[in-house]
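Q: Protein chains in written order, with the working numbering: chain C, 1 to 305; chain Z, 1 to 305; chain B, 1 to 303.
These are calculated hints, taken from the structure and not from any lab test.
Among the hints, erroneous ones may be present.
Computed spacing ranges between beta-carbons, pair by pair [claimed, not checked]:
(1) Z/Asp51 x B/Val62: 51 to 59 Å
(2) C/Asp232 x B/Asp60: 26 to 34 Å
(3) Z/Glu185 x B/Gly197: 38 to 46 Å
(4) C/Ser280 x Z/Val13: 53 to 61 Å
(5) B/Phe32 x C/Gln160: 47 to 55 Å
(6) Z/Glu66 x C/Trp284: 55 to 63 Å
All C-beta atoms in this analysis are idealised placements derived from N, C-alpha and C, irrespective of residue type, glycine included.
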Amino acid sequence: MSTIQKSTFAMYGLTVLASTLILVGCGKKTTNGDQSAGGGNSVEIQNAGSDTMVNLAQAWAEAYGAANNNVDVAVAGGGSGTGIAALINGTADIANCSRAMKSSELTKSVNTHGQDPKQYVMGLDALAVYVHKDNPLDEITIEQLGGIYGEDGAITKWSQLGVKSSDGNDEIIRISRQSNSGTYVYFKETVVPKGKEFKLGSRDLHGSKDVVELVGNTPSAIGYSGMGYATDHVKMLKVALKEGETYYAPSLQNSLDRKYPIARPLYMYTTGEPTGHIKSYIDWCLTDAGQKIVVDNGYIPAPKN
Amino acid sequence: MLQRSKYKVIREVLIEWIIRICGISAVVFVFAIFLFVFWQGKGLIFSGDFDFWKFLTTKEWYPASENNPRYGVSALIAGTVSVTVLAMIIAVPFGLGAALFISEFCSPKLKETLKIVIELLAAIPSVVWGFIGLTIMNHLIMELFGAPIGLTVLNGAIILALMSVPIIVSIGEDALQAVPDSYREAGIGLGVTRWQMVYKVLLPAAKNGLLAAVLLGVGRAIGETMAVLMATGHAVHIPFDAEFPFLHGLDSVRTLTATIAAELGETARDSSHYQVLFIIGILLFTITFAVNLTADLIVKGVKGK
Amino acid sequence: MIEAANNAKKFTETTVGRNCRFTEKIAKSVFFLMTLTMVLPLLLIIGFLFYKAWPALSIDFVLELPKNGMRAGGIWPAFLGTLYLVLISLVIAAPIGVMAAIYLNEYAKENWFTRIINLAVINLAGVPSIVHALFGLGAFVLAAGLGRSVLAASLTLAVMTLPVIIASTKEALSAVPMSFRQASWNMGVSRWQTIRGIVMPNSISGILTGIILQVSRAAGETAPIMFTGVVFYKAIEKGDLLAYGLLDQCMALAMHLYTISTQVPNVPDAVPFATAVLLLGVVLLVNALSIGLRIYLRTHRKW
Chain C
1 MSTIQKSTFA MYGLTVLAST LILVGCGKKT TNGDQSAGGG NSVEIQNAGS
51 DTMVNLAQAW AEAYGAANNN VDVAVAGGGS GTGIAALING TADIANCSRA
101 MKSSELTKSV NTHGQDPKQY VMGLDALAVY VHKDNPLDEI TIEQLGGIYG
151 EDGAITKWSQ LGVKSSDGND EIIRISRQSN SGTYVYFKET VVPKGKEFKL
201 GSRDLHGSKD VVELVGNTPS AIGYSGMGYA TDHVKMLKVA LKEGETYYAP
251 SLQNSLDRKY PIARPLYMYT TGEPTGHIKS YIDWCLTDAG QKIVVDNGYI
301 PAPKN
Chain Z
1 MLQRSKYKVI REVLIEWIIR ICGISAVVFV FAIFLFVFWQ GKGLIFSGDF
51 DFWKFLTTKE WYPASENNPR YGVSALIAGT VSVTVLAMII AVPFGLGAAL
101 FISEFCSPKL KETLKIVIEL LAAIPSVVWG FIGLTIMNHL IMELFGAPIG
151 LTVLNGAIIL ALMSVPIIVS IGEDALQAVP DSYREAGIGL GVTRWQMVYK
201 VLLPAAKNGL LAAVLLGVGR AIGETMAVLM ATGHAVHIPF DAEFPFLHGL
251 DSVRTLTATI AAELGETARD SSHYQVLFII GILLFTITFA VNLTADLIVK
301 GVKGK
Chain B
1 MIEAANNAKK FTETTVGRNC RFTEKIAKSV FFLMTLTMVL PLLLIIGFLF
51 YKAWPALSID FVLELPKNGM RAGGIWPAFL GTLYLVLISL VIAAPIGVMA
101 AIYLNEYAKE NWFTRIINLA VINLAGVPSI VHALFGLGAF VLAAGLGRSV
151 LAASLTLAVM TLPVIIASTK EALSAVPMSF RQASWNMGVS RWQTIRGIVM
201 PNSISGILTG IILQVSRAAG ETAPIMFTGV VFYKAIEKGD LLAYGLLDQC
251 MALAMHLYTI STQVPNVPDA VPFATAVLLL GVVLLVNALS IGLRIYLRTH
301 RKW
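I would like the entire structure built from these sequences, with the hints used as guidance.
A: Next comes the structure, spelled out in structure tokens:
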């Protein structure tokens with residue numbers, strides 16, 4: 001009988017341990033609430049949205065948390081749409097967005113929260129067009145990109161671009177993003193004629209890094225992602241608007257000068273004029289210390305004005 | 001003194017009621033799952049401009065389009081079907097072969113060891129399988145088949161095969177064990193070899209149980225999410241055509257489950273994109289429900305005999 | 001002896017007999033090879049994962065916070081988050097599951113209603129994990145108003161693991177011989193007292209085995225938690241065991257593996273591999289525990 005008693009004991013023990021954890025967890029939560037009400041001690045900021053910005057947001061959160069013990073910033077990815085949805089649903093305090101809010105989203109937010117959402121430009125992101133490092137192609141035009149990615153685009157072979165892929169496979173393997181990412185929406189708006197969609201059959205990956213990783217592993221692939229995601233296995237193409245115009249490399253200077261055609265602002269949104277911790281957090285991200293993190297992550301600092 | 005105290009009697013009645021309520025919890029949850037998923041998706045179903053037939057039969061999946069969202073899941077269904085079918089082509093012979101070996105051809109000690117190993121195989125989390133598909137299998141497939149990209153139907157199918165083999169083995173082995181020993185003795189007593197006995201006596205006797213094992217394997221393969229999300233390339237593409245070999249294992253596809261996982265995070269609550277993902281959920285629920293029900297009926301049929 | 005050997009030689013093998021034995025051998029080796037092809041990949045994969053993960057694996061890797069944009073440091077917040085999710089879902093699912101199994105095995109009569117419950121259990125076990133995620137989002141996050149939180153994610157996991165617990169507990173309960181119960185009833189002991197005094201103590205190890213298996217399943221799941229409470233990154237204090245409140249969001253190992261292998265750029269190769277190995281290690285350890293318990297139980301059974 002002794003082993004049986006022992007296991008019964010073990011089961012009780014386990015249950016007690018777990019319940020204690022929960023109880024203490026609850027207890028802590030309430031104290032948190034009390035403290036923040038009493039003068040702001042440990043608070044949590046919910047930050048959700050763009051996958052492009054998720055690493056940047058994480059770096060901000062990490063640095064801000066280290067400097068301010070009393071504030072925890074939770075970062076969730078999932079795409080710009082996710083962040084805005086979370087903001088509207090009230091499950092996030094700040095939405096990270098790699099595109100501007102759509103008018104439908106604006107209306108929804110105003111209807112739900114009764115005030116205009118506040119928009120901050122946190123930095124700029126240049127979308128680089130990536131190919132495998134052994135690919136002989138160096139330059140591409142927006143028109144050609146439209147032909148590759150667009151719904152009725154005619155370009156499906158590398159030979160149509162006048163090059164030969166290093167593994168001999170002539171078919172262009174298109175790598176794209178899932179439809180909720182701001183990168184997807186922005187790239188579509190930039191390269192695909194208005195009102196058109198992407199061609200079906202592209203590999204729609206879930207992360208910005210995934211795209212670059214896969215291009216680096218696939219000699220006949222082409223993909224787009226933030227220039228901060230570059231690795232040694234890929235090459236960034238120079239981009240021109242159309243045949244005959246100057247090709248510009250995705251770089252900090254070219255993007256700031258507005259010469260590189262696929263650069264876009266990165267936003268943070270709040271439901272209204274932010275206050276308290278949320279405001280200090282956003283303000284901090286825009287200070288020199290915060291903007292240094294932007295550069296460190298491969299993005300372009302926000303224009304000062 | 002023999003009378004129990006009123007308190008104890010009441011307590012016992014109370015406990016029995018709690019147990020009864022817990023007993024029906026499974027039924028409650030199955031209904032709740034269906035209802036909640038249906039509830040979230042119902043807005044679109046009854047909105048009037050949702051054509052269920054079109055939903056099932058067109059391949060245009062543009063859920064996030066601003067001006068013309070189209071919800072056609074035939075390519076996604078084709079993706080799920082192709083990965084499942086190829087996985088079963090691999091898993092069924094191997095799974096049933098392993099079940100036969102474990103049940104009929106090996107020593108008791110080896111049998112124990114193998115059963116434990118198979119159980120551990122079943123325990124590997126799907127995200128780890130996905131990671132294996134993304135890193136290891138991707139390179140292997142590119143090397144071995146000269147494919148331009150390794151995230152393909154084949155990649156997902158091999159992984160799903162390894163994931164569903166443990167189910168096929170353990171249920172299949174149960175089915176073989178359920179055949180009375182007297183059948184085996186009668187066979188061996190007539191002087192036939194073990195293989196002849198297995199082939200002529202055991203397989204016909206256990207065929208329903210083995211079929212159920214295969215069906216449960218199918219159910220697992222259809223419902224798997226993370227592994228296929230990471231390993232199949234996630235491209236809206238139909239890998240079937242009229243030419244031999246009909247199913248192109250080296251194409252990338254996207255499955256129903258992976259679509260929900262990749263896009264659910266993004267969508268604003270109650271938007272039609274959000275609702276259409278829940279409709280896919282209902283579809284999946286119905287399919288797996290049917291598969292499991294059939295498997296259960298077959299097993300019950302065996303027991304009834 | 002010699003005579004016996006000589007007699008044996010008189011039975012010469014016929015062609016038919018030889019062919020039969022030959023097929024037998026082939027069949028056996030084919031099946032053996034099939035089994036091997038299922039088992040070998042497991043060993044190869046685990047070996048390879050370990051090999052790639054080795055440079056990053058250390059106790060610090062478990063206890064450190066992620067640093068430098070999750071490219072360095074450890075995985076403590078994710079590890080702790082998984083621990084929370086598993087324990088809370090266990091606290092919710094285990095009592096309900098065990099009691100449901102007690103009902104099915106000890107109280108319910110064989111009728112259409114019991115049949116429906118059993119069917120429900122089987123189908124609940126077959127519901128794809130992503131559908132559980134949809135359910136969790138609809139029911140717990142939105143309808144119940146829990147938001148994306150540890151509690152919502154744990155509840156989702158609890159519903160998902162419930163059928164596993166019910167099935168294994170039922171098996172453990174039905175392994176207790178009927179005569180034990182009859183003996184108890186004959187002494188005038190009530191049904192519940194019999195269950196508590198006789199059936200449960202005799203099946204507790206079996207029940208625990210099932211519950212432990214549930215732990216390993218819950219720890220490895222990604223889909224049900226990614227929309228119900230787990231985030232990409234959450235800063236917590238190092239070594240703070242109580243870092244997450246019930247309504248906070250948390251990180252989790254399985255999700256962390258997914259994000260660092262698909263979303264974070266320039267991660268040293270060893271980090272995702274080490275995370276995979278750790279997740280695999282936790283799951284396999286828990287499984288081994290359950291298997292060990294079962295073997296121990298079988299050898300120490302008292303009837």
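Q: Decide, hint by hint, whether the structure agrees.
A: These are the hints, each one checked on the structure:
A hinted range of 51 to 59 Å for the beta carbons of Z/Asp51 and B/Val62 is consistent with their spacing of about 53 Å. For C/Asp232 and B/Asp60, the hinted distance range of 26 to 34 Å is satisfied, since their beta carbons lie about 28 Å from each other. Between Z/Glu185 and B/Gly197 the Cβ separation comes to about 42 Å, which falls inside the hinted range of 38 to 46 Å. As the Cβ distance of C/Ser280 to Z/Val13 is approximately 58 Å, the hint placing it in 53 to 61 Å holds.
In this structure the supplied range 47 to 55 Å holds for B/Phe32 paired with C/Gln160, their Cβ-Cβ distance being about 52 Å. For Z/Glu66 paired with C/Trp284, a C-beta distance near 34 Å fails the hint of 55 to 63 Å.
In the structure shown, a violation is registered for the earlier hint numbered 6 alone.
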